[in-house]
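Visitor: Chain by chain, the residues run as shown.
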Amino acid sequence: MIIKNRKICIIDFGIGNLRSLKNCIDNLDFNVQIINKPKNLKKYNKIILPGVGSFKDAMNLIKLLGWDHEILENVLIKKKEILGICLGMQILLSKGHEFGITNGLNLISGEVYNLKTLGCNKLIPHIGWNEINIKKNDILFKNIPNYSSFYFVNSYACKLKNKSQELSFTNHDINFSSAIKNQNIYGTQFHPEKSSKAGRQLLYNFINA
Amino acid sequence: MLKKRIIPTMLWNGFTLVKGQNFINKRKAGSPVATIQIYNSRDVDEIFFFDISKIEHQNVDQEFIKSITDCVSVPITIGGGIKSIRHMDDLFKSGADKICLNSAIYSNPILITDSAKKFGSQAITISIDVKKISGEYICFKNNGKLNTGKKILPWIRECLDRGAGEILINSIDHDGLMCGYDYELIKLTTEHANVPVVASGGAGNYDDFYKAHLNGASAFAAASIFHFTNYTPAGAKEYLKKKKVDIRNNFVLEKK
Numbered sequence: 001m002i003i004k005n006r007k008i009c010i011i012d013f014g015i016g017n018l019r020s021l022k023n024c025i026d027n028l029d030f031n032v033q034i035i036n037k038p039k040n041l042k043k044y045n046k047i048i049l050p051g052v053g054s055f056k057d058a059m060n061l062i063k064l065l066g067w068d069h070e071i072l073e074n075v076l077i078k079k080k081e082i083l084g085i086c087l088g089m090q091i092l093l094s095k096g097h098e099f100g101i102t103n104g105l106n107l108i109s110g111e112v113y114n115l116k117t118l119g120c121n122k123l124i125p126h127i128g129w130n131e132i133n134i135k136k137n138d139i140l141f142k143n144i145p146n147y148s149s150f151y152f153v154n155s156y157a158c159k160l161k162n163k164s165q166e167l168s169f170t171n172h173d174i175n176f177s178s179a180i181k182n183q184n185i186y187g188t189q190f191h192p193e194k195s196s197k198a199g200r201q202l203l204y205n206f207i208n209a
Numbered sequence: 001m002l003k004k005r006i007i008p009t010m011l012w013n014g015f016t017l018v019k020g021q022n023f024i025n026k027r028k029a030g031s032p033v034a035t036i037q038i039y040n041s042r043d044v045d046e047i048f049f050f051d052i053s054k055i056e057h058q059n060v061d062q063e064f065i066k067s068i069t070d071c072v073s074v075p076i077t078i079g080g081g082i083k084s085i086r087h088m089d090d091l092f093k094s095g096a097d098k099i100c101l102n103s104a105i106y107s108n109p110i111l112i113t114d115s116a117k118k119f120g121s122q123a124i125t126i127s128i129d130v131k132k133i134s135g136e137y138i139c140f141k142n143n144g145k146l147n148t149g150k151k152i153l154p155w156i157r158e159c160l161d162r163g164a165g166e167i168l169i170n171s172i173d174h175d176g177l178m179c180g181y182d183y184e185l186i187k188l189t190t191e192h193a194n195v196p197v198v199a200s201g202g203a204g205n206y207d208d209f210y211k212a213h214l215n216g217a218s219a220f221a222a223a224s225i226f227h228f229t230n231y232t233p234a235g236a237k238e239y240l241k242k243k244k245v246d247i248r249n250n251f252v253l254e255k256k
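So the sequence lines, in the order shown, correspond to chains A and B.
Numbering-wise (the numbering used here), the first sequence opens with residue 1 and increments by one.
Numbering-wise (the numbering used here), the second sequence opens with residue 1 and increments by one.
Looking at chain A on its own, in the form it has when it is part of the complex (with noise of 0.2 Å):
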């Protein structure tokens, strides 16, 4: 049975284009709202909290605009899913290492750091389709089998402090996470909004999770 009362927003604090993300919500059949008041986020109970851009800058933009309480409010007091894509994936991690040493939401252990820090020496911006590698049997990986891809656009990665909050690992040279999860906190590095019917499935089972 799908479950069609999920509130479902996606948090807007300014960067990035949230449009294609909304659409692949809508069209699964769900109510999604772009949200740019850290307010309002008390009415939702799943949270998506994309980003492009640099992890400074997007932390300087959360804190200013005031989402940081409200997130942490929801999600670690009244234990809200949310799920970070991309650069929001990253700012759920302690500290990023993105044009200097930058706080981030601290809701994951672990920093962020260029991937040629990581030991990467392949072409960076990691752009294009690559597969992940499942570790855990997850709701977030449904009826997606082991070794689809999906597409990513990052020059960065999250290193968890605690490895087995890593749901899935891709290798671009070195591995890195890909998805994480920490209790009720969901992170893919990949976008699920560009990953056509894979990315589709993994929205799916976030917002049913």
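These are calculated hints, taken from the structure and not from any lab test.
Note that this is a predicted model, so its numbers are computed, not measured.
All C-beta atoms in this analysis are idealised placements derived from N, C-alpha and C, irrespective of residue type, glycine included.
No false leads were mixed into what you were given.
With beta-carbon atoms standing in for the labels, derived distance ranges:
#	chain 1	residue 1	chain 2	residue 2	range
1	B	Val252	A	His97	34 to 44 Å
2	B	Gln62	A	Leu61	17 to 27 Å
3	B	Val252	A	Gly14	32 to 42 Å
4	B	Gly30	A	Asn106	49 to 59 Å
Could you slot chain B onto chain A? The hints should help.
Guide: Just chain B now, kept in the frame of chain A:
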């Protein structure tokens, strides 16, 4: 491993999709929304959408671009007539994932630098239209009409130094003839570019994609072969897979 990509190219003349030969003699190729919906449902890896109308754009027709990007659930690269950061900004806001620069950057190469700084190299594809003249590859602009006098290698170097994230190399001589890509051109480009190179111009059968792969291309753009023949992107993937090229399998729902 990053997957090799199959990319249908769509040329929009302001009224309909078209496809020509050697950049001229354009033939109609269908309505943009319907065509893109079909490619999207067939799970292609990416879509190139180029506006080749000669309309001087003061403003991007955002509603039109949105009608295109709304039907796509794979990355879409938009190009044609882009002259300013504001223009690019409008395209990104209308759903473009990458933008493609060409004619304007010959007289204003700083546009590459500025765009790479603002949007990131990964979002900037440089399209280079090339004709072979007395054994030399020369860059052309304005839909292949104007000889820029620039030789290909120094131009590639400059684009890369300024932050280009991808090179789309287009052979005007092979365009639309379905006689195979210009492999010498592809090889030359891939040997001198440390970013992904997209082969374009001349694909006529699946083996042409394979040959472009052997010459180092990261992605294969094609128009005529998909518009006008029975060859399909899915067929191309099957063929390349048999040849052990690392391509993305089309997604099949796993029932657990």
